[in-house]
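*Asks:* Once you have looked at the hints, place chain D on chain U.
These protein sequences, in sequence, are chains U and D.
Quick note, in UniProt numbering, the first sequence goes up one by one and the last residue is 405.
Quick note, in UniProt numbering, the second sequence goes up one by one and the last residue is 381.
Mixed in with the good hints there might be a few duds.
[Unchecked claim] Among chain U residues calculated to face chain D with C-beta under 8 Å, some are: (1) D122; (2) V131; (3) E133; (4) Q190; (5) N379; (6) R384; (7) V385.
[To be verified] Here are the in silico distance ranges between beta carbons for each label pair: (8) U:A57 with D:G339: 51 to 57 Å; (9) D:D227 with U:R75: 53 to 59 Å; (10) U:T261 with D:V120: 49 to 55 Å; (11) U:W342 with D:E265: 51 to 57 Å; (12) U:P257 with D:R26: 47 to 53 Å.
No wet-lab data here; the hints were simulated from the structure.
None of these values were measured; they are calculated from a predicted model.
Positions of the beta carbon are idealized from the N, C-alpha and C atoms, including for glycine.
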Amino acid sequence: MTDAAELRRRTAELLAAHPPAGTERLDFLRARFDAGLAWVHFPEGLGGLDAPRALQAVVDAELDAAGAPGNDPGRIGIGLGMAAPTILRYGTDEQRRRFLRPLWTGEEVWCQLFSEPGAGSDLAALATRAVREGDDWIVDGQKVWTSSAHLARWAILIARTDPDVPKHRGISYFVCDMTDPGVEVRPLRQITGEAEFNEVFLTGVRIPDAHRLGEVGEGWRVAQTTLMNERVAIGGVRTPREGGMIGVAAADWRARPELRTHDLHRRLLTLWVEAEVARLTGERLRQQLSPTLDSVRAGGAPAGQPGPEGSGMKLAFARLAQQISGWEVEFLAEDGLVYDDWTLRRPEGVDFTGREAGYRYLRAKGNSIEGGTSEVLLNIVAERVLGLPPEPRTDKDVAWKDLPR
Amino acid sequence: MTTATEMPDPDLLYTDEEEALRAAVRALLADRCDPATVLAGAESGRPYDPELWRALATDIGTAGLLVPEKLGGAGASAREAAVVLEELGRAVAPVPYLTGAVSAVSALLGCDPSQEAVAVPLAALAAGSGTGVLAVPLPAAPGGSAAPTVRADGTGALTGRVGSVADAAGAGLLLVPADGPGGPALYAVDADAAGVRTEAVTPLDLTRPLAHLTFDRAPGRLLATGDRARTAVDRALLTGAGLLASEQLGIAEWCLTETVRHTAERTQFGRPVGSFQALKHRMAALWLEVASARAAARNAADALASGSPDAPVAVAVAQAYCAPVAVHAAEECIQLHGGIGMTWEHPAHLFLKRAKSDEIALGTPGRHRDALAGLVDLAAP
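Next up, chain U with everything else stripped away, as it sits in the complex:
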């Protein structure tokens, strides 16, 4: 069993063999991956050491202290948070070896081709077709809300491989080469003025069958792994007290006494409490997800896989982000009337705290829509956590091709 002391020893070895000051960034990241210190809970040979997930913090702290370069998770979040866990769980050995290392080092950026204009909350209704042709699949369709598509080398893609069975059963999961000539990426401008997302048009895109993840027709189940990890990635980022937006709001309050009113004070304190409790709730979920952490005792702890509880965190995060940013614009009064820049820009990631309050307010509108709307997440909690009976479904046993569209 790899413990904290062992990880410190291995981290020291890595730093000795590849001193950050004299090593190219990419060389260091590759060496770190090969040393099993990229994501310690992954298997040996795939960037990890089969160690408890919670011990990653030990490695990160040592490397930060030594000034080692990072892999810029803000830029490759989809790869790290969604593609990687899915490839690890459903990929073949060959797929894992091919994709995980450049994914983690950031040499290859990933994006996610899931949502479609006609398949948002009802993702399983998706219409993008994949038709078998020899050892390949030929893919045609349109995807939307694809962040990083313009930067991506690879995409995780779900497409319909059998229209004659009910919608959940006719889907397969692929790795799509974004350099294929049939892939066209168009920016999708949003309410902030920038274009963080894209529309992706797929026309005769050729995907080798060796790039399929999971069995044919099992794509919906594979996608659940991706989506559960997405919700944890969005709602479960560890933050210190006053980390994130509430810290910005609190700093505003301290810096601008002339703008304070009793009403804003009352609301700020309520939001501060809710943000602190959301932080603790995320921390508790993380402790539950790390069954071998010293503080976690046997019993009740899930097996380290995010469950539907992650949906709850995302709900809380979205509501708070919207309320805090709305509060902030109001608090800033005259300054809240101003926007920093409406230029069509192509940001590489979302930086909530790096821009002005107006940007935060507008961007936060997406938090309750992207990665599962809050309404869908409430259904997930109600049905999968609380076990409440589902809504009557008219589409469950009907062949996809016969559904009204």
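*Replies:* Just chain D, lined up with the frame of chain U:
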């Protein structure tokens, strides 16, 4: 301002020992404290169920959880007492645990337990053989803002009045904060002593009796004076407020569980009503509140158990958050039960009354938010 980076990570989960303690308390309450029994007891006029109390306090040994073994207790911590309170909340159990085993015990621990005047009542409370309460109004919040309403003369004779003291009617010992000849002081007074009048009031929460206490030259034994007396009382209120969050969590948990059970079974329009999104979304939102309340309550219990300097923040956050969650859960429970939720027969009203009363107990959410403004440097205009 204290920041998270200066403090050790709280353990927000439950240990095996805590789960075993929970199982023992839950089994006892399932056996002896079902809702019909609670309701009958509340209508009997008895302040609490002495047999249930003995089984809980002495047989399981929960009364002494906060007390070190060398002082006659179990040598556990606020974490374990919090688990007991979760279960007591789930059963709206009419026992003087929060007032006695938490607040009164914490007040005595804040005095000097090497003195016999402190050690003897502490050991009795820890063993469950004695009952005692801190004589402060139930709404009193930590932070030391309220001045005592009782005066003590040089002989320890106490005169004054304290209103709305929870569980005072059944208590054998009253711990009375008073203005003494040399400033603040804390006295022990036997409840049946001459000059003590206990006037029971009809409480909103039938499961936690309230009484006004009047002292007319009642004989007090000095427990502590000066800063020690003041901090002992504040420690009791802080510990009480922090652990009340776990009781509120238990209340909310029962309300959610019963509401889910009821709406999954109740059929209208040919469907279980729990299948309608208009209802299930409300229960899912409540689930998130309960999950969040658990994190807040565990954080407060852990901070109190470890003596963290962050405890005042953790307690204020837990109270500001958990008190409204318990009320919301009880209100949703009644609404989503429909007509049956409004009846005397259905136990939901016991939980609503406890939740609403708990919201006022040991500081309202607004008072705790006000306290936070000072603690985390978010000053009022």
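*Asks:* All hints are to be evaluated individually against the structure, with a verdict given for each.
*Replies:* Verification of the hints:
1. D122: violated (14 Å)
2. V131: Nearest chain D Cβ about 37 Å off; hint violated.
3. E133: With a minimum Cβ separation of about 42 Å from chain D (threshold 8 Å), the hint on E133 (chain U) is violated.
4. Q190: Status violated, d = 27 Å.
5. N379: holds (7 Å)
6. R384: This hint is violated: R384 (chain U) lies away from chain D, its Cβ roughly 10 Å from the closest one there, beyond 8 Å.
7. V385: holds (6 Å)
8. U:A57 with D:G339: 51 to 57 Å: At 53 Å between Cβs, range holds.
9. D:D227 with U:R75: 53 to 59 Å: holds (55 Å)
10. U:T261 with D:V120: 49 to 55 Å: Given range 49 to 55 Å: holds, Cβ gap about 54 Å.
11. U:W342 with D:E265: 51 to 57 Å: This hint holds: roughly 54 Å between Cβ atoms.
12. U:P257 with D:R26: 47 to 53 Å: holds (51 Å)
In this structure, the hints that do not hold are numbers 1, 2, 3, 4 and 6, in rising order.
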